[in-house]
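Q: With these hints in hand, go ahead and build the complete structure from the sequences.
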Amino acid sequence: MSLWLWILAACAIAYVTKLVGYLLPASWLENPWVSTLSHGVTVGLLASLVAVNTFVSGTSIVLDARVVALGAAAVALLVRAPYLVVVVVGAAAAALARLAGMA
Amino acid sequence: MTVALTPAQRRGLSVGVATGLYGISFGALAVAAGLSVAQASALSLLMFTGGSQFAFVGVVAGGGSLGSATAAASLLGVRNAIYGVTANAMLRPRRWRRFAAAQVTIDESIATASAAEDADEERRGFWAGGLAVFVLWNLFTVVGALVGDALGDPAAWGLDGAAVAAFLGLLWPRLRGRDPVAVAVVAAVVTVAVAPAVPPGIPIIIAAAVALAMTAAQHRRRAGSGAVRP
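Protein chains in written order, with full-length UniProt numbering: chain A, 1 to 103; chain B, 1 to 230.
If you are wondering where the hints come from, they were derived from the structure by calculation, not from laboratory data.
Quick caveat, the model's predicted, so the values are computed rather than measured.
Worth double-checking, as some hints may not be accurate.
Claimed, not checked - Across the chosen pairs, the derived CB separations fall in these ranges:
{"hint": "1", "chain 1": "B", "residue 1": "Arg178", "chain 2": "A", "residue 2": "Ser2", "range": "38 to 44 Å"}
{"hint": "2", "chain 1": "A", "residue 1": "Leu5", "chain 2": "B", "residue 2": "Phe99", "range": "21 to 27 Å"}
{"hint": "3", "chain 1": "A", "residue 1": "Leu8", "chain 2": "B", "residue 2": "Leu146", "range": "20 to 26 Å"}
{"hint": "4", "chain 1": "A", "residue 1": "Ala12", "chain 2": "B", "residue 2": "Ser36", "range": "17 to 23 Å"}
{"hint": "5", "chain 1": "A", "residue 1": "Leu24", "chain 2": "B", "residue 2": "Gly63", "range": "32 to 38 Å"}
{"hint": "6", "chain 1": "A", "residue 1": "Gly71", "chain 2": "B", "residue 2": "Gly63", "range": "20 to 26 Å"}
{"hint": "7", "chain 1": "B", "residue 1": "Gly34", "chain 2": "A", "residue 2": "Gly71", "range": "33 to 39 Å"}
{"hint": "8", "chain 1": "A", "residue 1": "Trp4", "chain 2": "B", "residue 2": "Arg10", "range": "34 to 40 Å"}
{"hint": "9", "chain 1": "A", "residue 1": "Ile61", "chain 2": "B", "residue 2": "Ala4", "range": "54 to 60 Å"}
As the list claims (entries may be wrong) - Covered stretches of chain A, as calculated for chain B (at least 3 residues, CB under 8 Å):
{"hint": "10", "region": "13-25"}
{"hint": "11", "region": "86-93"}
The beta-carbon is built from N, C-alpha and C at its ideal position, and this holds for glycine as well.
A: So this is what it looks like as structure tokens:
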């Protein structure tokens, strides 16, 4: 039940965030600081999510098949593969690394 | 059947197909993280902003608290407030339309509208892109969730590798120039460094705070010594 409540709360926050841009005076959000900081936080959060999903398991640092997925996805991005292909390459790399005996 | 689509509408539909398809990966990852098919769908219908949705299930999958998941998703959604300003200036929606426009205010609808030639095309591009992504993203979320549910052990199928790739793919196009790359590297290093010391989910919040401080410093340096504080 609590999971549902958090999901609905997170969804409400997401919607209000979008709506804010339509309701607030534009000058409040057109300050260059706002877009610069928002872009920086977005980059930081995504990089952190990459790191957590690659190297962290609970509260320990682990090197396993996910590292292979990270490398494979980076290669796919370097050759400008479409997003969906990148995701599939990441999954396939992790699955193959496990088949080959990696944790 | 002859349907005459304007260039902006065609672009909107192509963006919708491309983006909608990776709703499959979101649905599958959400179920792998322990959400039900209905909960995965609720996120796609109501939150409807891919990066935040991936963040929410990414934190839950890592054992983080639901509060951390909500905080990470909400912080990633902040850019949508700026998109709202852009869309409001371009479309000037009235009454109920602004509430509908707000829900489809995402990377893709803004990108399609921004690429249009004139005001009418901007409006058509925004709605075509936003609605096409909305319909297909939700449809493919259900497909992904059902497939993920049927797969069983997510690790055996490399779904944890898919999550890594999904986040890297979202990050990649934002790494233009030295400053964002520096922020990304520091955020990743800080995350791994603090992970053993704090509860799951918290490293992401710490990394966001560090990214905020770094970006502010970079902005101040670029603006020169006479920069105005906010």
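Q: Confirm or reject each hint.
A: Outcome of the hint check:
no. : hint                               : in the structure
1   : Arg178(B) with Ser2(A): 38 to 44 Å : 43 Å, holds
2   : Leu5(A) with Phe99(B): 21 to 27 Å  : 23 Å, holds
3   : Leu8(A) with Leu146(B): 20 to 26 Å : 22 Å, holds
4   : Ala12(A) with Ser36(B): 17 to 23 Å : 19 Å, holds
5   : Leu24(A) with Gly63(B): 32 to 38 Å : 37 Å, holds
6   : Gly71(A) with Gly63(B): 20 to 26 Å : 24 Å, holds
7   : Gly34(B) with Gly71(A): 33 to 39 Å : 27 Å, violated
8   : Trp4(A) with Arg10(B): 34 to 40 Å  : 39 Å, holds
9   : Ile61(A) with Ala4(B): 54 to 60 Å  : 57 Å, holds
10  : 13-25                              : holds (count 11)
11  : 86-93                              : holds (count 8)
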